[in-house]
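Novice: When you get a sec, could you build the whole thing from the sequences and use the hints?
Note that the protein sequences, when read in sequence, are chains A and B.
Each number in our numbering corresponds to the 1-based position in the first sequence with 2 added.
Each number in our numbering corresponds to the 1-based position in the second sequence with 2 added.
Hints were generated in silico from the structure; no laboratory data involved.
Any given hint could be a false lead.
Each pair may be met inside one copy or between any two copies, as identical chains are not told apart.
For lysine-lysine, the following DSBU-like pairs were computed, each having C-alpha atoms within a straight-line distance of at most 35 Å [stated by the list, open to error]:
1) LYS292 to LYS105
2) LYS222 to LYS292
3) LYS105 to LYS222
4) LYS6 to LYS105
Number of protein chains: 2
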Amino acid sequence: MKEKIGFVGVGRMGANMARRLGDCGYRITAVYDAHRPAAAALARELDARHARTLAAVTAAADVIFTVVTDDSAQLSVFAVHGDSLLVRARGKVFVNCATVTPKTHVEVGRRAKRWGAMALEGCMASSISQARQGTLYLMCAGERRCFERVRPILERLSTALRFVGRAGRAAQVKALVNMVMNANTAALAEGLGLGAALGHDLDMLREVFAQTGAQSQVLKTDGEDMQNRAHECYFSAAHAAKDSTIAWVLGCEAGLQLPIAAAARLQFERLVSLGLGGLDKSGVAELTFKGRHG
Amino acid sequence: MKEKIGFVGVGRMGANMARRLGDCGYRITAVYDAHRPAAAALARELDARHARTLAAVTAAADVIFTVVTDDSAQLSVFAVHGDSLLVRARGKVFVNCATVTPKTHVEVGRRAKRWGAMALEGCMASSISQARQGTLYLMCAGERRCFERVRPILERLSTALRFVGRAGRAAQVKALVNMVMNANTAALAEGLGLGAALGHDLDMLREVFAQTGAQSQVLKTDGEDMQNRAHECYFSAAHAAKDSTIAWVLGCEAGLQLPIAAAARLQFERLVSLGLGGLDKSGVAELTFKGRHG
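Specialist: If you want it as structure tokens, here you go:
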């Protein structure tokens with residue numbers, strides 16, 4: 003019999019993962035969100051219980067996915083006092099999918115172990131639509147036996163599943179991916195912004211970029227959106243700022259100079275400080291095209 | 003009957019272009035290089051005349067390719083006094099393939115016109131081996147009738163031929179391409195350098211980059227070389243510094259802030275100042291891996 007699944011944090015990412023597992027025949031038994039209307043709506047949609055406490059999610063499920071916003075939220079759902087996923091957690095498996103610092107994953111793993119449960123990092127380098135379709139890029143870390151236990155579930159969410167090592171390692175890899183992605187994004191915005199200022203046809207310029215050493219994944223995903231100011235959010239500038247900061251801190255701790263990553267981080271921080279953190283990361287072009295912002 | 007072709011500047015790029023046109027049945031009638039042994043060797047190889055003066059190249063050829071090192075060299079081969087390609091240049095076509103500033107192309111075009119000749123920018127976004135195989139990415143600018151006149155020759159050098167507008171425009175596009183490419187390269191070096199410092203398997207990391215938003219052309223061309231410190235030169239750090247500077251100046255003139263491009267420019271300038279400008283652009287990783295340089 004298939005495991006019962008719980009979800010904590012049902013923003014667009016978490017909700018789509020829950021929908022996908024529901025489609026695959028898993029029973030979503032409980033959903034929880036600090037923003038109750040979101041949890042209530044998804045609970046109705048999936049015929050799940052709308053849990054009002056974290057402890058109720060643990061009680062109702064075997065495997066609990068958490069898709070929360072940041073380090074503090076991640077640690078608070080695993081609080082050692084008060085309402086917590088750790089209450090009567092013996093034998094449960096937690097799969098933590100938020101982008102948080104490696105240290106937080108290590109700490110959550112420690113707490114879970116102390117309460118007789120297991121925690122797995124499930125870092126996603128993917129978008130909301132991929133969550134819905136079960137085509138996530140999913141990097142896991144923690145104890146391998148924990149990964150093996152939930153692998154059948156993860157395989158329904160992902161077309162690229164990878165185990166990268168001990169707790170914290172997947173978060174590191176994801177931070178590295180996003181650090182490079184964000185820098186490439188900010189660099190592309192500068193190339194297109196300067197091209198526009200010089201009066202070049204940006205369709206032509208993007209085509210040339212695509213055929214030369216300037217080619218990149220972000221050119222495909224963000225180039226046209228930068229040109230057209232179509233910054234509907236797939237991966238927000240605020241998230242980009244956060245991820246670049248995680249990587250930048252890792253770099254500082256390692257004693258490395260990372261000037262490009264630092265400059266990209268500042269661009270995304272600047273977007274946030276201008277109140278534009280909710281734009282897609284392509285919104286960084288708003289800073290580099292003449293007469294937009296900045 | 004096919005045009006007679008001359009070459010000025012026969013470093014590895016120019017020499018390979020000449021070899022390729024020779025293979026295609028063109029007669030290379032004269033070659034010139036400020037470094038005489040290079041010209042002498044290529045002249046022997048291609049049964050061409052080793053021209054000791056620029057005027058002799060113009061006299062011996064209908065279409066003259068120039069592949070020189072920088073702005074000052076580009077202007078000096080079109081000097082208005084003394085030995086110059088402009089001597090008795092009426093009716094000749096010059097195809098100028100160096101990466102120089104847009105302004106230099108404009109000035110050379112003006113001089114050629116005054117002497118009754120035509121000048122075309124032929125900006126290459128390609129490597130030495132592509133020159134040899136006739137698979138260059140070639141962006142041209144200048145007068146369209148000039149482009150049309152030499153198009154059959156250019157088609158033997160290139161698998162991607164493009165006319166982008168008036169004099170100076172191709173150099174601008176190339177500067178934009180290389181600005182983005184250099185930034186992506188420097189960002190990749192930081193990602194791999196930090197990954198190495200954290201003890202990640204770089205084969206794994208490059209594979210993850212290739213499958214996610216961190217994917218880029220420079221990951222394919224430079225990633226493994228960064229890991230293995232294999233910096234044999236295809237496109238030198240010194241060239242990267244020069245091209246990033248051209249773009250950075252265009253940005254300054256346009257009144258734009260380009261912090262990523264500026265940071266990347268500084269990294270390549272730093273390589274040059276450390277005496278490492280002769281390394282391939284992948285050599286920027288020497289600055290970001292712990293215990294290498296800097």
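Novice: For each hint, tell me whether it holds in the structure or not.
Specialist: Structure-based check of all given hints:
Within a single copy, LYS292 and LYS105 get their C-alpha atoms only as close as 40 Å, which misses the 35 Å cut-off; across copies the closest is 22 Å, which meets it. In this assembly of identical chains, LYS222 and LYS292 lie within 35 Å of each other by CA distance both inside one copy and across copies; the values are 22 Å within and 32 Å between. In this assembly of identical chains, LYS105 and LYS222 lie within 35 Å of each other by CA distance both inside one copy and across copies; the values are 33 Å within and 31 Å between. Taking the shortest alpha-carbon separations for LYS6 and LYS105, only the intra-copy value of 29 Å comes in at or below 35 Å, while the best inter-copy value is 68 Å.
Violated hints are absent here; each numbered hint is respected by the structure.
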